[in-house]
Amino acid sequence: MKVTREKTESSQAFLTVEMEPVEVEEALKKARGRLSRKANIPGFRKGKAPRDILERHLGKDYILEDAINHLVPDAYEKAIKEQAIETIARPRIEVTQTEPVIFKAVVPLPPVVELGDYKTIKIKPEKVKITTQNVADVLENLRHQNATWESVDRAAAFKDLAVMDVESNLDGKPFLTRPGFQYRLDEDSAFPAPGFAAQLVGMKKDGEKEFTLKLPDDYPRSEMAGKEPSFKVKLIEIKEEKLPALNDDFARQVGPELANLAALRKEIETNLKLQAEKRVKVEFEEKALTAVVALSRVEFPPVLVEIEIDGMIEDQARRFQMQGGDLAAYLKSINKTAEQLHEEMHPAAEQKVARSLVLGKLSESENIVVTDLDIDTEVETILKSAGENKESMRKMLHTPPSRQSVRQYLLTRQTIDRLAAIATDSGRPARKKKKEEANNEPQPE
Amino acid sequence: MQLYNVLVRPLITEKNTILQALNKYAFEIAKEANKPQVKQAVEKTFKVKVTTVNVSTVPGKTKRVGRRMVQTRSWKKAIVTLKAGDKIEIFEGV
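Just so you know, the sequences run in chain order A and B. So that you can map any letter, position 120 of the first sequence is 120 in the numbering used here, and since no number is skipped, the others follow by simple counting. Counting from 1 along the second sequence, just add 1000 to a position and that's the residue number in the numbering used here.
Treat the hints loosely; a few may be bogus.
Away from chain A, derived, C-beta distances all over 10 Å, residues of chain B [as the list claims (entries may be wrong)]: (1) Asn1005; (2) Leu1011; (3) Thr1017; (4) Lys1024; (5) Asn1034; (6) Lys1044; (7) Phe1046; (8) Val1048; (9) Val1058; (10) Thr1062; (11) Arg1067; (12) Met1069; (13) Lys1077; (14) Lys1087.
With a straight-line cut-off of 27 Å between C-alpha atoms, the simulated DSS-like cross-links for lysine-lysine are [stated by the list, open to error]: (15) A/Lys48 x B/Lys1061; (16) A/Lys60 x B/Lys1087; (17) B/Lys1061 x A/Lys46.
I should point out that these hints are in silico values taken from the structure, not numbers from a laboratory. Treat the numbers as computed from the prediction; the structure is a model and nothing was measured. For every residue, glycine included, the Cβ atom is placed at its ideal position computed from N, Cα and C.
With the sequences and hints as input, model every part of the structure.
Below is the structure:
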């Protein structure tokens, strides 16, 4: 066996391995024995056919192929050892020649991460400010959510809720036909067709109307785009939105524990503030992390990205399955192939890999260690929201794999916290963060 | 009986492969063929010298086809011993 290491590029080693004829012969012999035990040759019991009969029956190429398939992985292992190469994933192997057997292997090497001078990163945290306008908006929303719909006897206007029987067809086929159809007259609504609401405005109860509308040219269902369905509407009822008055009663309706309107306002403000702070924090960490990655030199083999993409796709597929859907069907509906999806995920996956590598390195250089005690407290925090089957969950969370994932999570968390601390001021040791804040994962989707 | 009708096919089996070591080769032959005909046929087709011919009739077996019992055909087998050193190529490897 002759191994030549050609070059190293983007954390991949390119090897060419040439096998000696003796080794190939040995492998052929083994392959013959293996195949003979399986081959069903008439006139012979399994494993009893002589060599020439076996070769005639299966074909020499087939036997050679089998021999190579078994020979190459072993040879690869040996070559790796000989070259003292440390690998992190399966290589890509290509057999270029069979006489003598020569194969090329692209071996992914461990990634190289050189952190830049991350201590110099300084980012000004954004200030959080909640205005009375923000609170008022939320209050207005709440009023709409708690509004009652009352039947009125007048011509329909925008913002009313209309109950009607709709019949419509497009090229002789029913387009939207629903008795008792509830529709909110929204001026900008494009459903079922733009201008539908405007047609209803001014109609009286029990009124009937027929009209045609034009569907937009970029209608999602292309076979219907630009067509003109005709509608026949019979109005049954017009309802008007009655907003509750903004007073203490309303506050109690929203939250039984709230005493008056002022308390509600206060509650809204704190909530908004918490949300905004959370968002700002995530954004801040995001920025800091991006800055570190930009400062660092990261080199990793493309396999890592492939693995990441596979993970992401699997994740998506699982999410679809949970909703009772199917990723393949979804892809078909948006007219994409799995390859295109793969391609699209490439940049995001690359970023993710770079980030996790940088984070890993960072936690190393900052000496961040997660202790068993940390894990125990984290598990207890998770358990707080568990409810009745606490004990079985505790058991589950204390199994080695889930402890490992908690450890990983905490390590990431603490590293990011440390990074955030460094970026905020001159490297003060990380403050102990509140536990509930630890729940937001700053990695982008 | 034409000479070229005598030999039907070579019999390549585990047992016959062992016999090859003793310079013996097995054929399925026509039902009507006899020993001298087999000898002649083998000598002509494979350009070898035959010393002995043993023939035997292999009786048909009773097999089930659905609900019926069916008799498979019986056939004749010849085991030909060649003069030392002669070989028949179709039995050897490709």
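Results of checking the hints against the structure:
The beta carbon of B/Asn1005 is kept farther than 10 Å from every beta carbon of chain A, the shortest such distance being approximately 23 Å. With a closest Cβ-Cβ approach of about 8 Å to chain A, B/Leu1011 is found to fall inside the 10 Å limit, against its non-interface label. With a least beta-carbon separation of about 6 Å from chain A, B/Thr1017 fails to lie farther than 10 Å from that chain, contradicting its non-interface assignment. The beta carbon of B/Lys1024 sits about 16 Å from the closest Cβ of chain A, which is more than 10 Å, so the claim that it is off the interface holds.
Residue placement check: B/Asn1034 keeps its beta carbon more than 10 Å from all beta carbons of chain A (closest about 26 Å). Listed as a non-interface residue, B/Lys1044 keeps its Cβ farther than 10 Å from every Cβ of chain A; the least gap is roughly 25 Å. Chain A leaves B/Phe1046 outside its interface by the beta-carbon criterion, the shortest separation being 18 Å against a cut-off of 10 Å. Listed as a non-interface residue, B/Val1048 keeps its Cβ farther than 10 Å from every Cβ of chain A; the least gap is roughly 19 Å.
Non-interface status of B/Val1058 relative to chain A is upheld: no Cβ of that chain comes within 10 Å, the nearest being about 14 Å off. Taking the minimum C-beta to C-beta distance to chain A, about 21 Å, the non-interface status of B/Thr1062 holds against the 10 Å cut. With a least CB separation of 28 Å from chain A, B/Arg1067 remains clear of the 10 Å interface cut-off, as annotated. For B/Met1069, the requirement that its beta carbon stay farther than 10 Å from each beta carbon of chain A is met, with the minimum near 24 Å.
Chain A leaves B/Lys1077 outside its interface by the beta-carbon criterion, the shortest separation being 13 Å against a cut-off of 10 Å. Every C-beta of chain A lies more than 10 Å from that of B/Lys1087, the closest at about 13 Å, which supports listing it as non-interface. Proposed proximity of A/Lys48 and B/Lys1061 is supported: the alpha carbons are some 25 Å apart, at most 27 Å. Under the criterion of a C-alpha separation no larger than 27 Å, the hint pairing A/Lys60 with B/Lys1087 is consistent with the structure, at around 24 Å.
Annotation: proposed proximity of B/Lys1061 to A/Lys46 holds, straight-line Cα distance about 24 Å (limit 27 Å).
The structure is inconsistent with the numbered hints 2 and 3, although it conforms to all the rest.
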